[in-house]
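As you go down the protein sequences, you meet chains A and B in turn. Numbers given in the working numbering equal positions in the first sequence, counted from 1, plus 5. With the working numbering, the residue at position 96 of the second sequence is 83, and numbering never jumps.
Hints listed in this document are in silico derivations from the structure and should not be mistaken for laboratory results. Glycine included, every Cβ here is placed at the ideal spot set by N, Cα and C. It cannot be assumed that every hint is accurate.
[Claimed, not checked] Which chain A residues stay away from chain B? Per the calculated CB distances, all over 10 Å, these:
1. Thr95
2. Val124
3. Ile179
4. Pro202
[Said to hold, decoys possible] Derived Cβ-Cβ restraints for the label pairs, each shown as a range:
5. B:Gln260 x A:Pro165: 45 to 55 Å
6. A:Gly164 x B:Pro359: 51 to 61 Å
7. A:Asn38 x B:Pro359: 29 to 39 Å
8. A:Pro34 x B:Ala227: 29 to 39 Å
Here's the letter readout for the chains.
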Amino acid sequence: MHLLRRVAGHGMPFALAVALFFVINLVIPGYANLNSLLSLLLLASLLGLAAIGQTLTILIGGFDMSIPAVIGLANVLTALLYGAGVPIWTAAVVIFAIAAVIGFLNGFAARYLRLNPLVVTLAMGSIVLGAIWAGTHGEVAGSVPNWLVQTVSVIGRTGPIPLPGVVVLWIVVIAGVLLLERRSVLGRWIFAAGANPRAAELAGVPMLGVWITVYVLSAVLAALTGILLAGFSGAADPSVGAPYLVTTVAAVVVGGTPLTGGRGGYGRTVAGCFVVTELSTLLVGLGLDQAGQQMCLGFLIVALVAIYGREAPLSLRL
Amino acid sequence: MNRLRRISIKAVGLAVALGALCLGGLALRPVDAAVATPSAAQQAKDLANVPKDARQYYEGYWFATDRIVSNPLADWHPHKPPWQVCHNDSYLGNSWRANLVAELRLLTRQLAKQGLAKPNLIVTNSNGDINLELSQLKAEVAQGCDVIMSYPGSATGLCSGIHDAFKKGVLFVSIDSIVDCPEAINVATNPYWRGKFEGEWILKAIHDKGNIVAMNGQPGTSNTYAERVGLQDAVNAADAQGGHAKVIGDLYGMWTGSVAKTEMLKFLATHPQPVSAVFSTGNMGVGVGQALQQSGRPLAVITEVTNLCSYLAYWKENNLKALTFVQDGGPMAYSAFVPAMHIMAGQKPKVNVIFMPLPIISAQNFDDYYEPSMTVQSTCFANGKDLHLVPDSYFDQFFTGNETMPKIEVVATP
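Extracted from the complex, chain B is given alone in its bound form (with noise of 0.2 Å):
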């Protein structure tokens, strides 16, 4: 009988335990975070030097970095050819990264054809941790690295490293991952501005009215909170307008199509009210598909960040109302590549945090992109005929000087 008290005791501390735990829980929402807004004054001091025609890529910048730094690197000089390029990895492990080193392989051989380069790419790999990826950058800068490119794990975990590197000139370039270090030259596109730009082209389809289900990334991070950022401000300024769209659901898939799935089934069979649209941020897309159509709903709006095969293939073959951006790895690396030759050729970068934006494939041109050997299974990226995803031009208006920049060219991976 003592027993049978002592257990239920304990059930119904745990059952009080949980119902509090899980109403402070409901407290949290992923728009709720505090990232300060800059003050407009410190606003125009940090885009001052930010090109014109760029700025409409900088809205709400604080969410990705803490500062845009003018003139980096005005005191600063790159080592003469032939270079050593070398790339600093914080995961190599799926094939949007292993095609970002194929391309930075390839354009470091076009450079060494030119005799500016050693023909070798020298990569290293961290698989996520950041300690050892900052090692790694170490050993490079002392194994005579003349230009570091990365994908880096951490916003600020490398910062020493990076300082390291600047004192001995070897030029630090983040790729599509923003780190916080002044002396890092930053390509990326913002991802506050593709959630906001995805936002705004949901409510269009669904004319300002419905449900939008939230397929966010992973939490903690500053990418998928600031794209997430990003759809709210839309979603709030359609609302200002009289417009009745909401968010009824944020769900984190983890960039995992069946995490993607498991999480969207468990969302609809507790949420019966229809689902307009869904905000998918990221290889995911055919899980949320297929999750819609397995719980006997009509499929949504669905919008997608990667231009993956297997979305297309999903799209082509769900006649979908949808939108993707263009941003394989191979012609993202290429991106960061040449603003990288600018500044070894001695042109002078004006802000360490160069964004850009990105190709859309739409319902207009979905032809161009898809082609009907890809399957739901396909795990290439279409990329279309033009592999650039912005001009080469595009970058020029970032630097000042006229040093003659090494010839390069976007090339296809394997």
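Just chain A, same shape as in the assembly (with noise of 0.2 Å):
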């Protein structure tokens, strides 16, 4: 019975995940190829390396509404700088270090000035889409390498393995955020941190270290997407970074990790991104309209909070 109540209760997502490729595949005759799966993967990829800063920062009781303005910088940032001629890497090194400023602004924002995180991020998003404007007036040129579109292509090969670049990434990244969630001291401070933040102050936990930490994270993360999603249009868009304000929040709830923070994790928003992918793959085979689509993520997001996001935050039930 207790594992029963386990599946019901924490096994949904991925049940839900599973569940929904059957219900394509019986509605859509034709879609069990492997290009469709490998378009699965690839999506559902990209999507995932946005939404571990999100499921972090939900975790420890915030919220992270600038990863789509840092998802901008680092896609306009990779193609200018690349095109100027600097290296690809040094490139990088330069555009998570910005990213990382920025998320140490949010955490210590967030925690030391004890400012509301929905409002600071959301701010933050507004500062640096404004700095892109400003710097760019709009010109956004660049190019960015063959490799970094190879990665991000459906039919791209990471040497030997049969997957684009992004999903062995993507594989490799979901492990590390795992072992850092279970087997890390600072997983389990994230979790204090979450649960009670009181409790987890008076317990030893270094809070403003931990938020700004987890803000660092997500912003970085958040970079590194939007460094792929150059790879992925071949070519920098400011805005290239909006359609992952929502769907990071609701891989996050679909999966099943609370609002309220403390508990949850980014192995549940993995099935989430898997989710979202799906439906959204689900609804555009059934011929729905944007509309409709929108219409019907956001009831599944508001069902699915219904059924399992209802619990009051952890620190009340102790």
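Relying on the hints, combine the two individually framed chains into one complex.
So this is what it looks like as structure tokens:
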């Protein structure tokens, strides 16, 4: 019975992801082919990388609404710097450094200055997008290396592995994040900070350090997504991150990590990424237009929150 | 056990509600939204003052504007030079808009050299906030602008400001995006005409049979809707003549390459049937083509609306069967500036909406626009040697009066 409860409570997003895959196969004849599966994996991996930061910030009781802007910034800088002759790895280091500063400011303002993380990160996103426009005056030129395009191509391969590089990268990152969550001190601090901030502080958890580290991680991983998206589209666009505002939150919520923090984890978000990508693929397959897709995705979020997101924060239940 | 039951009930409820919503959503098709076609008498009245040679570009005008006003500035008189030229924009975040502003600056300097304008162009940018754009427009009127060029963010949101401008003798000219305000002069291409033209070209290219995917811009915008209706009307007309082409999918790429590619990948994953052509409506052709290639599909016929260098490079690399319009922001700004100068010189416009055709890039004249330096990452626009979208004389037919116009010339933007 205990196992059944666990499956019903924790396994639902995974079950939903598998069920949706079979539903798509049933509803859309011919869906089950290698290219379709690779497309699903590729789109889910881009979302998955962007959603890591959202998961971790929600786990500590925050939010990161600056993810789309940081994705846009990294996307533009990748093309600009590489196009100007800067080696791609040097460009990546510069971009990650800038992202880390943005993350630091987010974490510092949200924790040390006790500002609402939703407002802080929204404002930071606005500042970043404004900076892109001020810096480029809308003229976003540049180029990206061909191998980066192949890394984010459905037909790309990773050496002998018949998977696009971004999917392999995601698998490695999933393992890394799960290890961080479950086997590291920082992971335990993250859950403690989100479950009961006061208790965690009294227990000696360095709250400011945890918040800053999580927001830095979030920004750096958003920047990584932005770099990969430069390869995906082959060009730079400041608004490339816009779809990831709703979908990263949706992936976290659909995966079953409560917005109150302290519980859940990235494993669930991985399932949420598959559900969100599969659902939108199914809706496209059914011929729904954008409005219909948005309605269904919004409804799914509300319905799933109704099912497993209504529990009180852990701190109130201890 | 109770918890399990509760979860089961909720899950069933979720499934039923989702299904109902999705079925409801299926009923919503992009071309089903109702825009009433004016009666023949109303159309005749609306088009009465449109020059005969230009009427071919006004087909389906009602998808773009509520009404066409005859002699909109009959009792209005421009200020005397030197004029303060201003630009009121809803968004300056892409190279198309940047080129538009750069061209307006250069044109203003040309006027200044003739002693007809102050040398600086005043520019405002509301970044998508229509209320802010309206207040910026009112501020521009208050600070002494004599001509306000604009790329508005709403068809009706600026009307009170435009009315204020009109009363104070300030000319308001909308560039490439129509406002339904009777005192505004609009210079644009007709989105319905564009969609129908592209649709007819596609049908010819696929010999009236095959599957077409529509990669639309942004849902809910009149331009996107009008273009899509134009395509559908072309398909319906071919169907009535015994054709067998159909639109099998409506996707929205938000005029962003990565979004278009994502949507196309999802579509191809769920639609095993062959795709003969893609009707793409701006900045999405490369993403669409890459999605087809990466899904192991043959490249389809692809039409575009903008002449991005990246699209031409992709076209060249893959020997596409393709078509696109030429409409960079710079030349478009110039095209709107010419009618503005007609009016500032004292001539009277016959109508408030001036529709113009656009040059076409096809296989026949591809080499006139393509340059080997273009790559799929290029962000420039392939304008060719002649930067005029239409000859300046095209606009003469829209005006009465013989007042001498200032001398201006279209300039390549940096």
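A quick look at each hint next to the structure:
1. Thr95: It holds; threonine 95 of chain A is separated from chain B by about 18 Å at its closest Cβ, greater than 10 Å.
2. Val124: At about 18 Å from chain B, valine 124 of chain A clears the 10 Å cut-off, so the statement holds.
3. Ile179: Nearest chain B Cβ is 21 Å from isoleucine 179 of chain A, so the label holds.
4. Pro202: 28 Å, holds
5. B:Gln260 x A:Pro165: 45 to 55 Å: Violated, at about 33 Å.
6. A:Gly164 x B:Pro359: 51 to 61 Å: 33 Å, violated
7. A:Asn38 x B:Pro359: 29 to 39 Å: 38 Å, holds
8. A:Pro34 x B:Ala227: 29 to 39 Å: 31 Å, holds
Checked against the numbered hints given earlier, this structure breaks hints 5, 6; the rest are met.
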